[in-house]
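Just so you know, the protein sequences line up as chains A and B, in that order.
Just so we're aligned, residue 1 is where the first sequence starts under our numbering, counting upward by one.
Just so we're aligned, residue 1 is where the second sequence starts under our numbering, counting upward by one.
Please keep in mind that the hints were generated in silico from the structure rather than gathered at the bench.
No residue lacks a Cβ here, since even glycine has one placed at the ideal position from N, Cα and C.
There could be a bad hint or two in this list.
To be verified - According to the in silico footprint, chain A covers these stretches of chain B (three or more CB under 8 Å from chain A):
no.	segment
1	109-117
2	122-129
3	132-146
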Amino acid sequence: MNAPNRRALVAVVALVLVAAAFGFAVLLGDRTTSGTAVPVQPTGSPADREAATTRDDVVRVGGDGARVLNTLRVATFDADYDAWEAVVTGDLLDSLRTGRTSSRERFLAAGTSTTGHVLAAAAEQVDADRGTATVLVALRVTAESATAPTETLVRVLVTVTRTADGWRLSGIAHAPVR
Amino acid sequence: MGNRGLSKAGIVLALVLGGLPLTVLGADAARQPDNRAHVDRAETARAQARAVAIAEALFSYSSADLPAQRAEIADLITGDLVTQYTDLLDQAEKGVREQQVAFTSKVTHSGVRLLDPGKAEVLLFLTQSSTRPGEAPQSAGAQFVLTLVRGDSGWQQAKGSAIDLLGAR
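With the rest of the complex left out, here is chain A (with noise of 0.2 Å):
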């Protein structure tokens, strides 16, 4: 599969923020992997177990990291968006910090908040001596206004690249219908 693209990237970051101002949610969740779970250790080789905890990881740190990409919240926005700068890196990165003022007006404009939960996810593809992996994540989205809120299922593929911190999201996309 192509990876997602730093254009596509910013696109889904855009239309977090277009469907914002429309009312309607496409933006995504959480799921049982982040705070709880308690790793279980991985059986098999050394190499199998290294495999194993990469694998794990990643799949924790996309869907965690799409979860908080579709969540953003009037009341809590500025600690939201330092969320989203948390577990983005590279060209990524940098798009947030550049868009965060313009973000800011645009969304606390539209009033809008929206909050992510996953549903499931799980690796396309993991290179560990390349240190990326794409990453399925299915979300449902509830985008809350002044008038009742809406949920949305969205799908995105996740790239992550691993850093020096550990792994982050460097691409975030919608998975199209074609």
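Model the placement of chain B on the given structure of chain A, informed by the hints.
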């Protein structure tokens, strides 16, 4: 799902997903210690390919080949999914025949999240296109987890045993 429900946009998804009961999302299946997904790459690839083939076959059919479709699924699915899928076809059959609909499904992305000695779980993103005489084709997307049970001779002969629609309705 009545005949009336088989027209216009909602119909495609209804035919993909309608009638299949939700199953409970496996509680963090990926954290099982014997999960070989993306550890045993060859077996992961086989399970993935089989899941793609099953999903595309289940959701690709036309008014002209419904009997053949019913025969074909015997090699593709097992257990409760047989009943669920057969019920789905029963419900859809009248409308499909009347409207001469043909469905073609293509998995656009897939990922194996669990692979243990006897079972695999594969997350699939699927696009289903429908065509009717005199109308432009329509497409709709779906996402679900297909559970496979391994065949005696390997994942190439695995059968689908459950579909988790991830909250779609």
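Legend entry - Earlier hints that do not hold, by number: Those not satisfied: there are none.
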